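Undergrad: If you want the building blocks of each chain, they are given just below.
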Amino acid sequence: MNSKYQSDKIIFPKSLTSNWRRHLKDYILNIRNIDIELDCGDWELTCKDFTYLKNLCTQRNIEILSVKSSQSKTIISASAIGLNSFFNLKSNNNIGKNLNPRNITVNDKKEDHILFHQGTIRAGERLESKNDIFIFGDVNPGAIVSAGGNVMIWGRLLGIAHAGKNGNDSAKITAMQLKPVQLRISNKVARGPKENPEEGFAEEARIEEGLIVIKPART
Amino acid sequence: MTSDTRVILICSGKGGVGKTTLTANLGISLARKGSQTAVLDADFGLRNLDLLLGLENRIVYTAQEVLEETCRLDQALVKHKQEPNLSLLPAGNPRMLDWLKPEDMKKIVEMLSKQFDYVLIDCPAGVEDGFRNAVAASKEAIIVTNPEVSAVRDADRVIGLLNTNGIKPVQLVLNRVRPKMMESQEMLSIEDVTDILALPLLGLVLEDEQVIVSTNRGEPLTLIGSQSPAARCYSNIAGRLQGEDIPLIDPSKEGDGLRDKFRRLMQTKIF
Chain H
1 MNSKYQSDKI IFPKSLTSNW RRHLKDYILN IRNIDIELDC GDWELTCKDF TYLKNLCTQR
61 NIEILSVKSS QSKTIISASA IGLNSFFNLK SNNNIGKNLN PRNITVNDKK EDHILFHQGT
121 IRAGERLESK NDIFIFGDVN PGAIVSAGGN VMIWGRLLGI AHAGKNGNDS AKITAMQLKP
181 VQLRISNKVA RGPKENPEEG FAEEARIEEG LIVIKPART
Chain D
1001 MTSDTRVILI CSGKGGVGKT TLTANLGISL ARKGSQTAVL DADFGLRNLD LLLGLENRIV
1061 YTAQEVLEET CRLDQALVKH KQEPNLSLLP AGNPRMLDWL KPEDMKKIVE MLSKQFDYVL
1121 IDCPAGVEDG FRNAVAASKE AIIVTNPEVS AVRDADRVIG LLNTNGIKPV QLVLNRVRPK
1181 MMESQEMLSI EDVTDILALP LLGLVLEDEQ VIVSTNRGEP LTLIGSQSPA ARCYSNIAGR
1241 LQGEDIPLID PSKEGDGLRD KFRRLMQTKI F
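Which chain is which? The protein sequence lines are H and D, in order. FYI, this note's numbering numbers position 131 of the first sequence as 131, with every residue one higher than the one before it. Counting the second sequence from 1 gives a position; this note's numbering is that position plus 1000.
No wet-lab data here; the hints were simulated from the structure. Warning: the hint list may mix true and false statements.
[To be verified] Derived contacts from chain H toward chain D, CB cut-off under 10 Å, selection only:
{"hint": "1", "residue": "R32"}
{"hint": "2", "residue": "G124"}
{"hint": "3", "residue": "G137"}
{"hint": "4", "residue": "P141"}
{"hint": "5", "residue": "G142"}
{"hint": "6", "residue": "L158"}
{"hint": "7", "residue": "K165"}
{"hint": "8", "residue": "D169"}
Note that this is a predicted model, so its numbers are computed, not measured. Even glycine gets a Cβ: it sits at the ideal position worked out from N, Cα and C.
Pulled out of the complex, with its shape left as it was, chain H reads as follows (with noise of 0.2 Å):
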């Protein structure tokens, strides 16, 4: 009963307004015993959606062997927990995009120009862009990341973050875990915090009245 021979692939509806729910639970129920890939295309799911599907499948003996999306959010739900899950970079610019919403209206080509990083930096390493940049892992302590634009860290931000370094006083430091060495945000320098920041909730930090100011992250 146990030999898994088969793999699949499942891709999520492209349609916004069909019910994903449904379809996949049809989907899963006449399958068993194999497989699968699971692509989400750009939905947004919670770690709610992941548990449920990650339930339909174990009754029927079906293991999710990775999960892709275009979607950060989709991706940080299946990893919470732990599914294997890949960014689908041909649609990135989704993610800028979802980030940062007040910032497509003013200029649409300055997605392109998004840095994105996978994996840890880790303490030595820097990294720079004269524009925005994102990384899909943990900065750790002694690392530095500086950009021209915002910082967005889908992950622990421990080490030192410099954001609009060519002075952009409306740059942001957004982090899963903010608990950075420093804080740098156009010319103002902060200390990080000294207490461990609440768990499971984003932060950003930006400038208000002249000083680094850091808040829950605003989505």
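Since the structure of chain H is already known, use the hints to place chain D on it.
TA: Then chain D, alone, in the frame of chain H:
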């Protein structure tokens, strides 16, 4: 056998965390399990792997002479008397530091690969030339670190460098773990370290006074068949390296058992 040889670099970045001790003990353990093992001291400036193994007085030729072709490889290899599966290739004259290049190191390792299953390279501290030489010749790596902020930081830096050199897999050994201090959160916990370094944990080594005793005597703990905590940790690591499925020890439960207490009592009486 050439392609099957596992060339493992043992490095840490920071000095004094236990690279050489791990190399010596791992070498002995692997040899005990029947693998032909060579340990290579890449710490040319400050070599002391020979001291730890108690082989200092038997060194005649070194890697340097082998490369200059003034002697054969098997003349330079020092076979351990009690553990004939283990050989040491001494590093060479500390006064001639600049002779070695990454190519030389590769050549040495290639020669060793022909007759050994495992080649363990004891990397020097730091990330300068010595480190670069050692990295050039290795295929996989073990990072040794202590649960201290500075050691973890240096290890992190080294992992970054290993990644850029395409060395895979890189595994982690957490050395000098003190269960009591971890429990009271005076020391970085295992999770803290693995969280930052994001590496698979190959093993823990408990803090153990016997390590110092054995180092000074030139008899690695695993050689004398010691049952001390560190010795067990080392042989577990060797087992895992060979693909055995040995569960990690739980530091919080260590030293509670009657056997451990009895052993401690015995040791205090003897020493």
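Undergrad: Take the hints in turn and mark each one as holding or not.
TA: Hint by hint, here is what the structure shows:
Taking 10 Å as the C-beta cut-off, the interface hint given for H:R32 is violated, the closest approach to chain D being about 29 Å. Taking 10 Å as the C-beta contact cut-off toward chain D, the hint placing H:G124 at the interface holds, the least distance being around 4 Å. Annotation: H:G137 was flagged as interfacial toward chain D, and the flag holds, the nearest CB pair being 8 Å apart, inside 10 Å. Hint status for H:P141: holds, given a least beta-carbon distance of 6 Å to chain D, under 10 Å.
For H:G142, the interface hint holds, the least distance from its beta-carbon to any beta-carbon of chain D being 5 Å, beneath 10 Å. Look at H:L158: its Cβ gets to within about 7 Å of chain D, closer than 10 Å, so that hint holds up. With 10 Å as the threshold, the beta carbon of H:K165 stays out of range of chain D, its nearest partner Cβ sitting at about 22 Å, so the hint is violated. Of the supplied interface hints, the one on H:D169 is violated, with its beta-carbon coming no nearer than about 32 Å to a beta-carbon of chain D, more than 10 Å.
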